[in-house]
Amino acid sequence: MSYQPPVADIAFTLRHVAGLDRLTEEHAFPDLTPDLVGQILEEAGKFAGERIAPLNQIGDRFGAQLRDGAVHMPPGWRDVYRAWCDAGWNAVSSPSDYGGQGLPHLVNAACIEMWNAASMAFGLGPLLTMSAVEALASHGSDQLKRIYLGKLVSGEWMGTMNITEAQAGSDLGALRTRAERQPDGSYRLRGTKVFITYGEHDLTDNIIHLVLARLPDAPEGTRGLSLFLVPKVLVADDGTLGARNDVVCTGIEKKLGIHASPTCTMQFGDRDGAVGYLVGEENRGLTCMFTMMNHARLAVGLQGVAIADRAFQQALSYARDRRQGRAPGWSGEGMSPIVEHPDVKRMLLEMRAKTEAARALCYAVAGALDRAAFAPAAAARAAAEDRASLLIPVAKAFSTDIGVEVASLGVQVHGGAGYVEETGAAQHLRDARIAAIYEGTNGIQAVDLVARKLPAKGGQVARGHIAELRTIVQQARGANESGLGSTAVWIGQSVDALERTTGWMLDAVETRPADALAGATPYLRLFALATGGSYLAKKALAAMAELRAGSTDPHHGLRVASARFFAAHLATAAAGLEAAITEGAEAIGTAFGDAA
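For the sequence shown, this note's numbering puts the final residue at 597, and the numbers step up evenly by one.
Among the clues, some could well be false.
Here are the computed lysine to aspartate or glutamate pairs in the EDC-like style, where the Cα-Cα straight-line distance is at most 16 Å [claimed, not checked]:
(1) 458 <-> 386
(2) 454 <-> 508
(3) 458 <-> 497
(4) 458 <-> 547
(5) 146 <-> 10
(6) 146 <-> 166
(7) 146 <-> 247
(8) 346 <-> 334
(9) 454 <-> 344
(10) 458 <-> 422
(11) 454 <-> 547
(12) 146 <-> 69
(13) 454 <-> 386
Source of the hints: derived by calculation from the structure; they are not laboratory data. Please read these numbers as outputs of a predicted model, since none were measured by experiment.
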(Lines of atoms letter the chains of each structure in order from A and count residues from 1; the text may use other names and numbers.)
(Lines give C-alpha, C1' and ligand atoms only; values in the text may rest on other atoms or scores of the structure.)
Protein backbone atom coordinates (compact mmCIF):
# COMPACT_ATOMS: atom_id res chain seq x y z
CA MET A 1 0.00 0.00 0.00
CA SER A 2 1.07 3.64 -0.36
CA TYR A 3 2.22 5.57 2.69
CA GLN A 4 -0.39 7.82 4.33
CA PRO A 5 1.36 10.31 6.65
CA PRO A 6 -0.44 10.41 10.04
CA VAL A 7 -0.58 14.20 10.01
CA ALA A 8 -3.50 14.44 12.45
CA ASP A 9 -1.82 12.38 15.16
CA ILE A 10 1.52 14.08 14.58
CA ALA A 11 -0.05 17.52 15.04
CA PHE A 12 -1.98 16.39 18.13
CA THR A 13 1.18 14.96 19.72
CA LEU A 14 3.14 18.12 18.97
CA ARG A 15 0.56 20.23 20.74
CA HIS A 16 -0.51 18.10 23.69
CA VAL A 17 2.64 16.17 24.61
CA ALA A 18 5.69 17.85 23.11
CA GLY A 19 4.90 21.43 24.08
CA LEU A 20 4.38 23.22 20.77
CA ASP A 21 1.65 25.39 22.30
CA ARG A 22 3.98 26.37 25.12
CA LEU A 23 6.65 27.49 22.65
CA THR A 24 4.03 29.61 20.92
CA GLU A 25 2.78 31.11 24.18
CA GLU A 26 6.34 32.02 25.19
CA HIS A 27 6.81 33.77 21.82
CA ALA A 28 9.88 31.66 21.07
CA PHE A 29 8.68 31.58 17.45
CA PRO A 30 6.50 34.69 17.06
CA ASP A 31 5.28 33.92 13.54
CA LEU A 32 4.39 30.31 14.27
CA THR A 33 0.69 29.44 14.54
CA PRO A 34 -1.11 26.09 14.73
CA ASP A 35 -2.52 26.76 11.24
CA LEU A 36 0.95 27.34 9.83
CA VAL A 37 2.27 24.18 11.45
CA GLY A 38 -0.68 22.28 10.02
CA GLN A 39 0.06 23.60 6.53
CA ILE A 40 3.73 22.63 6.82
CA LEU A 41 2.84 19.12 7.97
CA GLU A 42 0.28 18.68 5.20
CA GLU A 43 2.78 19.72 2.53
CA ALA A 44 5.54 17.57 4.01
CA GLY A 45 3.18 14.61 4.15
CA LYS A 46 2.17 15.16 0.55
CA PHE A 47 5.79 15.21 -0.64
CA ALA A 48 6.63 12.15 1.46
CA GLY A 49 3.67 10.14 0.20
CA GLU A 50 3.70 11.20 -3.45
CA ARG A 51 7.38 11.68 -4.25
CA ILE A 52 9.54 9.78 -1.75
CA ALA A 53 7.43 6.70 -0.95
CA PRO A 54 7.48 5.39 -4.56
CA LEU A 55 11.30 5.27 -4.32
CA ASN A 56 11.28 2.86 -1.38
CA GLN A 57 11.02 -0.49 -3.16
CA ILE A 58 12.99 0.82 -6.16
CA GLY A 59 15.85 1.68 -3.84
CA ASP A 60 15.61 -1.69 -2.12
CA ARG A 61 15.82 -3.55 -5.43
CA PHE A 62 18.53 -1.49 -7.17
CA GLY A 63 20.56 -0.39 -4.16
CA ALA A 64 23.53 1.96 -4.35
CA GLN A 65 26.14 0.81 -6.85
CA LEU A 66 29.91 1.41 -6.70
CA ARG A 67 31.49 1.61 -10.14
CA ASP A 68 35.00 2.93 -10.86
CA GLY A 69 35.23 4.67 -7.50
CA ALA A 70 31.88 6.44 -7.88
CA VAL A 71 28.62 5.55 -6.14
CA HIS A 72 25.51 5.69 -8.31
CA MET A 73 22.12 6.05 -6.64
CA PRO A 74 18.98 4.19 -7.79
CA PRO A 75 16.76 5.51 -10.60
CA GLY A 76 14.78 8.61 -9.69
CA TRP A 77 16.63 9.41 -6.48
CA ARG A 78 18.64 12.37 -7.76
CA ASP A 79 15.57 14.10 -9.23
CA VAL A 80 13.48 13.63 -6.08
CA TYR A 81 16.34 14.76 -3.83
CA ARG A 82 16.76 17.95 -5.83
CA ALA A 83 13.02 18.63 -5.80
CA TRP A 84 13.03 18.03 -2.04
CA CYS A 85 15.85 20.55 -1.56
CA ASP A 86 14.23 23.08 -3.90
CA ALA A 87 11.09 22.91 -1.76
CA GLY A 88 13.18 23.94 1.27
CA TRP A 89 12.76 20.74 3.29
CA ASN A 90 16.45 20.43 4.14
CA ALA A 91 16.38 23.86 5.79
CA VAL A 92 13.34 23.60 8.08
CA SER A 93 15.07 24.13 11.43
CA SER A 94 18.40 25.51 10.19
CA PRO A 95 19.63 29.02 11.14
CA SER A 96 17.91 31.76 9.17
CA ASP A 97 21.23 33.64 8.92
CA TYR A 98 22.42 30.95 6.51
CA GLY A 99 19.26 30.42 4.48
CA GLY A 100 17.35 28.23 6.91
CA GLN A 101 13.74 28.69 7.94
CA GLY A 102 14.51 28.82 11.68
CA LEU A 103 11.49 26.69 12.60
CA PRO A 104 11.38 24.59 15.78
CA HIS A 105 13.10 21.21 16.02
CA LEU A 106 9.61 19.94 16.82
CA VAL A 107 8.38 20.74 13.33
CA ASN A 108 11.50 19.28 11.74
CA ALA A 109 11.18 16.14 13.87
CA ALA A 110 7.72 15.56 12.44
CA CYS A 111 9.08 16.01 8.93
CA ILE A 112 12.01 13.66 9.60
CA GLU A 113 9.54 10.99 10.67
CA MET A 114 7.61 11.35 7.42
CA TRP A 115 10.71 11.33 5.17
CA ASN A 116 11.94 8.13 6.82
CA ALA A 117 8.56 6.43 6.83
CA ALA A 118 8.33 7.08 3.10
CA SER A 119 11.84 5.66 2.57
CA MET A 120 14.32 5.22 5.39
CA ALA A 121 17.24 4.91 2.95
CA PHE A 122 16.29 8.29 1.42
CA GLY A 123 15.70 10.06 4.74
CA LEU A 124 18.99 8.88 6.21
CA GLY A 125 21.25 11.07 4.03
CA PRO A 126 19.63 14.43 4.84
CA LEU A 127 19.48 13.40 8.50
CA LEU A 128 23.29 13.51 8.70
CA THR A 129 23.46 16.75 6.73
CA MET A 130 21.15 18.39 9.26
CA SER A 131 23.33 17.08 12.08
CA ALA A 132 26.43 18.46 10.37
CA VAL A 133 24.71 21.85 10.17
CA GLU A 134 24.13 21.74 13.93
CA ALA A 135 27.78 20.92 14.64
CA LEU A 136 29.17 23.53 12.26
CA ALA A 137 26.77 26.24 13.41
CA SER A 138 27.68 25.58 17.04
CA HIS A 139 31.44 25.09 16.75
CA GLY A 140 32.71 26.17 13.33
CA SER A 141 34.78 29.28 12.70
CA ASP A 142 33.21 32.26 10.97
CA GLN A 143 35.16 31.41 7.82
CA LEU A 144 33.96 27.80 7.74
CA LYS A 145 30.39 28.92 8.32
CA ARG A 146 30.63 31.48 5.52
CA ILE A 147 31.98 28.98 3.00
CA TYR A 148 30.13 25.80 3.88
CA LEU A 149 27.05 26.39 6.01
CA GLY A 150 24.76 27.92 3.38
CA LYS A 151 25.37 25.05 0.95
CA LEU A 152 24.72 22.47 3.67
CA VAL A 153 21.57 24.24 4.84
CA SER A 154 20.14 24.31 1.33
CA GLY A 155 21.10 20.68 0.68
CA GLU A 156 23.17 21.66 -2.35
CA TRP A 157 25.98 19.85 -0.52
CA MET A 158 25.48 16.93 1.87
CA GLY A 159 27.31 16.15 5.10
CA THR A 160 28.61 13.00 6.75
CA MET A 161 29.85 11.84 10.14
CA ASN A 162 33.18 9.95 10.03
CA ILE A 163 33.83 8.27 13.36
CA THR A 164 34.10 4.49 13.18
CA GLU A 165 37.29 2.59 12.39
CA ALA A 166 37.57 -1.17 11.96
CA GLN A 167 39.89 -1.77 14.92
CA ALA A 168 38.01 0.59 17.25
CA GLY A 169 34.30 -0.04 16.79
CA SER A 170 32.49 1.83 19.55
CA ASP A 171 35.75 2.49 21.47
CA LEU A 172 36.50 6.01 20.28
CA GLY A 173 39.67 6.13 22.34
CA ALA A 174 41.19 3.58 19.94
CA LEU A 175 40.76 5.72 16.80
CA ARG A 176 43.96 5.98 14.70
CA THR A 177 43.20 8.45 11.92
CA ARG A 178 45.93 11.09 12.10
CA ALA A 179 45.93 14.82 11.38
CA GLU A 180 49.02 16.99 10.88
CA ARG A 181 49.20 20.76 11.13
CA GLN A 182 50.13 22.74 8.02
CA PRO A 183 51.77 26.17 7.76
CA ASP A 184 48.64 27.68 6.18
CA GLY A 185 46.48 26.73 9.17
CA SER A 186 44.91 23.71 7.50
CA TYR A 187 45.57 20.08 8.37
CA ARG A 188 46.36 16.89 6.44
CA LEU A 189 44.45 13.74 7.41
CA ARG A 190 45.42 10.11 6.86
CA GLY A 191 43.39 7.08 7.86
CA THR A 192 40.46 4.81 7.07
CA LYS A 193 36.89 5.16 8.29
CA VAL A 194 34.24 2.44 7.94
CA PHE A 195 30.43 2.33 7.97
CA ILE A 196 30.21 5.91 6.68
CA THR A 197 26.62 6.63 5.69
CA TYR A 198 26.34 8.49 2.36
CA GLY A 199 30.13 8.79 2.28
CA GLU A 200 30.01 8.85 -1.53
CA HIS A 201 27.09 9.32 -3.95
CA ASP A 202 25.97 11.29 -7.00
CA LEU A 203 23.18 13.34 -5.42
CA THR A 204 25.32 16.44 -4.87
CA ASP A 205 28.46 17.99 -6.36
CA ASN A 206 30.25 18.05 -3.03
CA ILE A 207 30.17 16.07 0.22
CA ILE A 208 31.38 17.62 3.46
CA HIS A 209 32.90 15.05 5.80
CA LEU A 210 33.20 15.75 9.53
CA VAL A 211 36.06 13.53 10.68
CA LEU A 212 37.40 12.63 14.11
CA ALA A 213 41.20 12.35 14.06
CA ARG A 214 44.20 12.59 16.37
CA LEU A 215 47.04 15.13 16.27
CA PRO A 216 50.61 13.83 16.77
CA ASP A 217 50.98 15.43 20.21
CA ALA A 218 47.42 14.70 21.37
CA PRO A 219 46.69 12.98 24.70
CA GLU A 220 45.74 9.32 24.59
CA GLY A 221 42.12 8.22 24.54
CA THR A 222 39.09 10.31 23.74
CA ARG A 223 40.66 13.44 25.25
CA GLY A 224 43.00 13.57 22.27
CA LEU A 225 40.43 13.64 19.47
CA SER A 226 39.85 16.66 17.26
CA LEU A 227 37.12 17.29 14.70
CA PHE A 228 37.93 18.29 11.12
CA LEU A 229 35.89 19.39 8.12
CA VAL A 230 37.15 17.54 5.05
CA PRO A 231 35.42 18.36 1.73
CA LYS A 232 35.26 15.81 -1.07
CA VAL A 233 36.02 18.65 -3.48
CA LEU A 234 38.19 21.52 -2.29
CA VAL A 235 36.43 24.86 -2.05
CA ALA A 236 37.97 28.26 -2.77
CA ASP A 237 37.49 31.17 -0.41
CA ASP A 238 34.78 32.55 -2.71
CA GLY A 239 32.86 29.26 -2.54
CA THR A 240 33.74 27.92 -5.98
CA LEU A 241 34.71 24.25 -6.38
CA GLY A 242 38.31 23.33 -7.15
CA ALA A 243 40.30 20.10 -7.29
CA ARG A 244 39.26 16.75 -5.85
CA ASN A 245 40.52 16.28 -2.29
CA ASP A 246 42.58 13.24 -1.30
CA VAL A 247 39.60 11.26 -0.02
CA VAL A 248 38.01 8.29 -1.82
CA CYS A 249 35.42 5.61 -1.26
CA THR A 250 37.12 2.21 -1.53
CA GLY A 251 34.04 0.06 -1.01
CA ILE A 252 30.38 -0.08 0.00
CA GLU A 253 28.79 -2.66 2.26
CA LYS A 254 26.27 -5.28 1.18
CA LYS A 255 23.69 -4.96 3.93
CA LEU A 256 20.58 -6.62 5.33
CA GLY A 257 18.50 -3.52 4.61
CA ILE A 258 18.52 0.16 3.58
CA HIS A 259 20.12 -0.99 0.32
CA ALA A 260 19.88 2.42 -1.31
CA SER A 261 21.84 4.11 1.48
CA PRO A 262 25.53 3.82 0.53
CA THR A 263 27.51 2.61 3.55
CA CYS A 264 31.09 3.39 2.61
CA THR A 265 34.68 2.69 3.53
CA MET A 266 36.45 6.02 3.22
CA GLN A 267 40.20 6.38 2.69
CA PHE A 268 41.73 9.71 3.69
CA GLY A 269 45.22 10.62 2.50
CA ASP A 270 46.37 8.00 0.01
CA ARG A 271 48.57 10.60 -1.67
CA ASP A 272 49.54 13.91 -0.04
CA GLY A 273 46.95 13.79 2.72
CA ALA A 274 43.33 14.92 2.75
CA VAL A 275 43.00 18.65 3.33
CA GLY A 276 40.96 19.36 6.44
CA TYR A 277 40.01 22.31 8.63
CA LEU A 278 39.66 22.30 12.39
CA VAL A 279 36.14 22.56 13.82
CA GLY A 280 36.24 23.95 17.35
CA GLU A 281 39.43 23.53 19.35
CA GLU A 282 42.21 20.98 19.09
CA ASN A 283 41.65 17.92 21.32
CA ARG A 284 38.03 19.01 21.89
CA GLY A 285 36.56 17.16 18.95
CA LEU A 286 34.33 14.86 20.93
CA THR A 287 32.51 17.84 22.44
CA CYS A 288 31.84 19.14 18.93
CA MET A 289 30.87 15.72 17.61
CA PHE A 290 28.40 15.15 20.43
CA THR A 291 26.42 18.16 19.17
CA MET A 292 26.08 16.29 15.91
CA MET A 293 25.54 12.90 17.54
CA ASN A 294 22.79 14.06 19.92
CA HIS A 295 20.70 15.40 17.05
CA ALA A 296 21.49 12.33 14.97
CA ARG A 297 20.46 10.03 17.82
CA LEU A 298 17.10 11.74 18.10
CA ALA A 299 16.68 11.48 14.35
CA VAL A 300 17.51 7.76 14.45
CA GLY A 301 14.87 7.36 17.15
CA LEU A 302 12.46 9.01 14.73
CA GLN A 303 13.50 6.44 12.13
CA GLY A 304 12.27 3.76 14.51
CA VAL A 305 8.94 5.60 14.81
CA ALA A 306 8.81 5.99 11.04
CA ILE A 307 9.39 2.35 10.18
CA ALA A 308 6.96 1.26 12.89
CA ASP A 309 4.23 3.50 11.51
CA ARG A 310 4.83 2.36 7.93
CA ALA A 311 4.73 -1.30 9.01
CA PHE A 312 1.55 -0.71 11.04
CA GLN A 313 -0.21 1.01 8.16
CA GLN A 314 0.62 -1.83 5.79
CA ALA A 315 -0.38 -4.53 8.28
CA LEU A 316 -3.71 -2.82 9.03
CA SER A 317 -4.50 -2.47 5.33
CA TYR A 318 -3.67 -6.13 4.72
CA ALA A 319 -5.71 -7.29 7.72
CA ARG A 320 -8.75 -5.42 6.47
CA ASP A 321 -8.51 -7.02 3.01
CA ARG A 322 -7.36 -10.55 3.83
CA ARG A 323 -10.21 -12.97 4.64
CA GLN A 324 -9.69 -16.18 6.56
CA GLY A 325 -11.88 -18.21 8.92
CA ARG A 326 -14.81 -16.77 10.81
CA ALA A 327 -14.06 -14.53 13.76
CA PRO A 328 -16.26 -14.75 16.89
CA GLY A 329 -19.38 -12.67 16.34
CA TRP A 330 -18.85 -12.38 12.56
CA SER A 331 -22.26 -12.17 10.88
CA GLY A 332 -21.21 -11.35 7.35
CA GLU A 333 -21.12 -13.68 4.40
CA GLY A 334 -18.20 -16.07 3.97
CA MET A 335 -14.91 -15.70 5.76
CA SER A 336 -14.24 -12.65 7.91
CA PRO A 337 -11.41 -10.16 7.40
CA ILE A 338 -8.57 -11.20 9.68
CA VAL A 339 -8.76 -7.80 11.38
CA GLU A 340 -11.87 -9.19 13.11
CA HIS A 341 -9.90 -11.96 14.85
CA PRO A 342 -9.04 -11.02 18.46
CA ASP A 343 -5.37 -11.99 18.27
CA VAL A 344 -4.85 -10.02 15.07
CA LYS A 345 -6.53 -7.05 16.76
CA ARG A 346 -4.12 -7.49 19.66
CA MET A 347 -1.10 -7.43 17.36
CA LEU A 348 -2.35 -4.35 15.54
CA LEU A 349 -3.11 -2.55 18.79
CA GLU A 350 0.37 -3.35 20.07
CA MET A 351 1.88 -2.00 16.86
CA ARG A 352 -0.08 1.24 17.08
CA ALA A 353 0.40 1.79 20.83
CA LYS A 354 4.16 1.25 20.67
CA THR A 355 4.45 3.55 17.66
CA GLU A 356 2.46 6.34 19.31
CA ALA A 357 4.40 6.06 22.58
CA ALA A 358 7.72 6.24 20.76
CA ARG A 359 6.51 9.20 18.71
CA ALA A 360 5.47 11.04 21.87
CA LEU A 361 8.84 10.34 23.51
CA CYS A 362 10.86 11.53 20.50
CA TYR A 363 8.78 14.66 20.07
CA ALA A 364 9.15 15.44 23.78
CA VAL A 365 12.94 15.41 23.26
CA ALA A 366 12.63 17.72 20.25
CA GLY A 367 10.47 20.07 22.30
CA ALA A 368 13.07 20.07 25.09
CA LEU A 369 15.79 20.95 22.56
CA ASP A 370 13.70 23.88 21.37
CA ARG A 371 13.12 25.15 24.91
CA ALA A 372 16.84 24.71 25.67
CA ALA A 373 17.55 27.15 22.85
CA PHE A 374 14.59 29.52 22.97
CA ALA A 375 12.89 29.55 26.39
CA PRO A 376 12.79 33.13 27.71
CA ALA A 377 14.40 32.40 31.09
CA ALA A 378 17.94 31.10 31.56
CA ALA A 379 16.80 28.64 34.24
CA ALA A 380 14.14 27.23 31.91
CA ARG A 381 16.71 26.82 29.14
CA ALA A 382 19.10 24.97 31.45
CA ALA A 383 16.34 22.70 32.76
CA ALA A 384 15.23 21.88 29.21
CA GLU A 385 18.79 21.06 28.18
CA ASP A 386 19.10 18.70 31.16
CA ARG A 387 15.80 17.04 30.26
CA ALA A 388 16.79 16.56 26.61
CA SER A 389 20.13 15.09 27.65
CA LEU A 390 18.39 12.63 29.98
CA LEU A 391 15.79 11.52 27.44
CA ILE A 392 17.89 11.25 24.25
CA PRO A 393 19.30 7.77 24.98
CA VAL A 394 15.84 6.57 26.04
CA ALA A 395 14.20 7.95 22.90
CA LYS A 396 16.87 6.53 20.60
CA ALA A 397 16.95 3.06 22.12
CA PHE A 398 13.25 2.51 22.83
CA SER A 399 12.06 3.89 19.50
CA THR A 400 14.48 1.82 17.45
CA ASP A 401 13.74 -1.30 19.49
CA ILE A 402 10.02 -0.90 18.88
CA GLY A 403 10.75 -0.21 15.21
CA VAL A 404 12.10 -3.76 14.98
CA GLU A 405 9.33 -5.20 17.17
CA VAL A 406 6.53 -3.52 15.23
CA ALA A 407 8.00 -4.41 11.85
CA SER A 408 8.29 -8.03 13.01
CA LEU A 409 4.65 -8.01 14.10
CA GLY A 410 3.81 -6.60 10.68
CA VAL A 411 5.34 -9.66 9.06
CA GLN A 412 3.35 -11.84 11.47
CA VAL A 413 0.05 -10.17 10.59
CA HIS A 414 0.77 -10.91 6.92
CA GLY A 415 1.48 -14.55 7.75
CA GLY A 416 3.39 -16.41 5.05
CA ALA A 417 2.86 -13.50 2.67
CA GLY A 418 4.91 -11.33 5.00
CA TYR A 419 7.92 -13.59 4.69
CA VAL A 420 8.20 -13.12 0.94
CA GLU A 421 9.57 -9.91 -0.49
CA GLU A 422 6.67 -9.20 -2.83
CA THR A 423 4.42 -7.70 -0.14
CA GLY A 424 7.10 -5.31 1.19
CA ALA A 425 6.53 -6.24 4.83
CA ALA A 426 9.92 -7.95 5.02
CA GLN A 427 11.72 -4.82 3.81
CA HIS A 428 10.45 -2.85 6.79
CA LEU A 429 11.93 -5.43 9.16
CA ARG A 430 15.23 -5.52 7.26
CA ASP A 431 15.47 -1.74 7.16
CA ALA A 432 14.51 -1.28 10.81
CA ARG A 433 17.20 -3.60 12.17
CA ILE A 434 20.12 -1.20 11.68
CA ALA A 435 18.60 1.65 13.69
CA ALA A 436 19.16 -0.20 16.97
CA ILE A 437 22.86 -0.50 16.05
CA TYR A 438 24.13 2.71 14.48
CA GLU A 439 24.59 6.08 16.21
CA GLY A 440 25.58 4.11 19.31
CA THR A 441 24.10 0.67 19.87
CA ASN A 442 21.12 0.50 22.16
CA GLY A 443 23.27 -1.19 24.77
CA ILE A 444 25.55 1.84 24.70
CA GLN A 445 22.51 4.09 25.06
CA ALA A 446 21.54 2.16 28.19
CA VAL A 447 25.05 2.54 29.61
CA ASP A 448 24.98 6.26 28.77
CA LEU A 449 21.67 6.59 30.60
CA VAL A 450 22.73 4.91 33.84
CA ALA A 451 26.41 5.89 33.97
CA ARG A 452 26.28 9.48 32.72
CA LYS A 453 22.79 10.92 32.40
CA LEU A 454 21.13 9.47 35.51
CA PRO A 455 23.79 10.59 38.05
CA ALA A 456 23.90 14.12 36.59
CA LYS A 457 23.18 16.74 39.26
CA GLY A 458 22.82 14.06 41.90
CA GLY A 459 19.91 12.41 40.10
CA GLN A 460 17.71 15.49 40.39
CA VAL A 461 16.98 15.66 36.66
CA ALA A 462 15.64 12.11 36.68
CA ARG A 463 13.65 12.72 39.86
CA GLY A 464 12.14 15.84 38.32
CA HIS A 465 11.09 13.81 35.29
CA ILE A 466 9.48 11.17 37.50
CA ALA A 467 7.61 13.90 39.37
CA GLU A 468 6.15 15.12 36.07
CA LEU A 469 5.04 11.59 35.20
CA ARG A 470 3.33 11.37 38.59
CA THR A 471 1.43 14.56 37.81
CA ILE A 472 0.07 12.96 34.63
CA VAL A 473 -0.94 9.83 36.55
CA GLN A 474 -2.73 11.94 39.15
CA GLN A 475 -4.58 13.78 36.39
CA ALA A 476 -5.64 10.47 34.88
CA ARG A 477 -6.88 9.24 38.26
CA GLY A 478 -8.74 12.49 38.91
CA ALA A 479 -10.41 12.50 35.50
CA ASN A 480 -12.65 9.59 36.47
CA GLU A 481 -13.15 8.71 32.80
CA SER A 482 -14.62 5.25 32.31
CA GLY A 483 -13.05 4.99 28.88
CA LEU A 484 -9.60 4.90 30.46
CA GLY A 485 -10.39 1.82 32.53
CA SER A 486 -7.43 0.98 34.80
CA THR A 487 -4.96 3.03 32.77
CA ALA A 488 -3.99 5.24 35.71
CA VAL A 489 -3.44 2.19 37.93
CA TRP A 490 -1.09 0.38 35.55
CA ILE A 491 0.81 3.49 34.51
CA GLY A 492 1.06 4.55 38.15
CA GLN A 493 2.59 1.21 39.06
CA SER A 494 5.15 1.54 36.26
CA VAL A 495 6.13 5.00 37.54
CA ASP A 496 6.42 3.58 41.06
CA ALA A 497 8.75 0.88 39.73
CA LEU A 498 10.77 3.50 37.86
CA GLU A 499 11.19 5.56 41.02
CA ARG A 500 12.35 2.56 43.07
CA THR A 501 14.79 1.32 40.44
CA THR A 502 16.13 4.84 39.89
CA GLY A 503 17.12 5.00 43.56
CA TRP A 504 18.62 1.51 43.33
CA MET A 505 20.51 2.42 40.16
CA LEU A 506 21.93 5.67 41.55
CA ASP A 507 23.35 3.72 44.49
CA ALA A 508 24.64 0.90 42.28
CA VAL A 509 26.46 3.27 39.93
CA GLU A 510 28.49 4.50 42.89
CA THR A 511 28.99 1.25 44.82
CA ARG A 512 28.39 -1.68 42.41
CA PRO A 513 29.04 -0.42 38.87
CA ALA A 514 29.00 -3.91 37.35
CA ASP A 515 25.50 -4.49 38.78
CA ALA A 516 24.36 -1.13 37.41
CA LEU A 517 25.61 -1.97 33.92
CA ALA A 518 24.04 -5.44 34.07
CA GLY A 519 20.66 -3.82 34.74
CA ALA A 520 21.08 -0.91 32.32
CA THR A 521 19.08 -2.27 29.38
CA PRO A 522 16.02 -3.40 31.37
CA TYR A 523 16.19 -0.09 33.26
CA LEU A 524 16.05 1.87 30.01
CA ARG A 525 13.07 -0.21 28.89
CA LEU A 526 11.27 0.43 32.18
CA PHE A 527 12.07 4.13 31.89
CA ALA A 528 10.58 4.18 28.40
CA LEU A 529 7.46 2.23 29.33
CA ALA A 530 6.68 4.50 32.28
CA THR A 531 7.35 7.62 30.20
CA GLY A 532 5.63 6.45 27.03
CA GLY A 533 2.61 5.19 28.94
CA SER A 534 2.30 8.50 30.80
CA TYR A 535 2.54 10.46 27.55
CA LEU A 536 -0.18 8.33 25.95
CA ALA A 537 -2.36 8.95 29.01
CA LYS A 538 -1.72 12.68 28.58
CA LYS A 539 -2.83 12.42 24.94
CA ALA A 540 -5.92 10.47 25.94
CA LEU A 541 -6.88 13.10 28.53
CA ALA A 542 -6.51 15.85 25.92
CA ALA A 543 -8.61 13.84 23.46
CA MET A 544 -11.37 13.32 26.05
CA ALA A 545 -11.39 17.02 26.87
CA GLU A 546 -11.91 17.84 23.21
CA LEU A 547 -14.69 15.27 22.93
CA ARG A 548 -16.44 16.85 25.92
CA ALA A 549 -16.08 20.21 24.19
CA GLY A 550 -17.98 18.89 21.18
CA SER A 551 -15.20 17.64 18.89
CA THR A 552 -16.19 14.92 16.44
CA ASP A 553 -12.62 13.98 15.51
CA PRO A 554 -12.69 10.16 15.00
CA HIS A 555 -9.02 9.92 16.00
CA HIS A 556 -9.81 10.78 19.63
CA GLY A 557 -11.30 7.37 20.35
CA LEU A 558 -8.18 5.72 18.93
CA ARG A 559 -5.97 7.82 21.21
CA VAL A 560 -7.88 6.65 24.25
CA ALA A 561 -7.72 3.03 23.05
CA SER A 562 -3.94 3.24 22.52
CA ALA A 563 -3.38 4.60 26.04
CA ARG A 564 -5.56 1.90 27.58
CA PHE A 565 -3.91 -0.92 25.61
CA PHE A 566 -0.40 0.33 26.39
CA ALA A 567 -1.19 0.49 30.11
CA ALA A 568 -2.76 -2.97 30.33
CA HIS A 569 -0.55 -4.92 27.91
CA LEU A 570 2.84 -3.18 28.00
CA ALA A 571 3.27 -1.05 31.12
CA THR A 572 2.40 -4.10 33.21
CA ALA A 573 5.85 -5.47 32.36
CA ALA A 574 7.24 -3.04 34.95
CA ALA A 575 7.31 -5.58 37.77
CA GLY A 576 9.33 -8.09 35.77
CA LEU A 577 11.74 -5.42 34.58
CA GLU A 578 12.22 -4.21 38.16
CA ALA A 579 13.21 -7.72 39.19
CA ALA A 580 15.62 -8.00 36.26
CA ILE A 581 17.25 -4.70 37.22
CA THR A 582 17.64 -5.29 40.94
CA GLU A 583 18.01 -9.09 41.11
CA GLY A 584 19.40 -10.15 37.74
CA ALA A 585 23.01 -9.00 37.95
CA GLU A 586 24.29 -12.17 39.64
CA ALA A 587 22.98 -14.39 36.86
CA ILE A 588 24.84 -12.29 34.31
CA GLY A 589 28.04 -11.93 36.30
CA THR A 590 28.77 -15.68 36.49
CA ALA A 591 28.09 -16.46 32.83
CA PHE A 592 30.68 -17.19 30.11
CA GLY A 593 33.63 -17.73 32.41
CA ASP A 594 36.52 -20.11 31.82
CA ALA A 595 34.20 -23.10 31.72
CA ALA A 596 32.01 -21.64 28.97
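Tested hints:
no. : hint        : result
1   : 458 <-> 386 : holds (13 Å)
2   : 454 <-> 508 : holds (14 Å)
3   : 458 <-> 497 : violated (21 Å)
4   : 458 <-> 547 : violated (39 Å)
5   : 146 <-> 10  : violated (37 Å)
6   : 146 <-> 166 : violated (28 Å)
7   : 146 <-> 247 : violated (22 Å)
8   : 346 <-> 334 : violated (20 Å)
9   : 454 <-> 344 : violated (39 Å)
10  : 458 <-> 422 : violated (50 Å)
11  : 454 <-> 547 : violated (37 Å)
12  : 146 <-> 69  : violated (33 Å)
13  : 454 <-> 386 : holds (12 Å)
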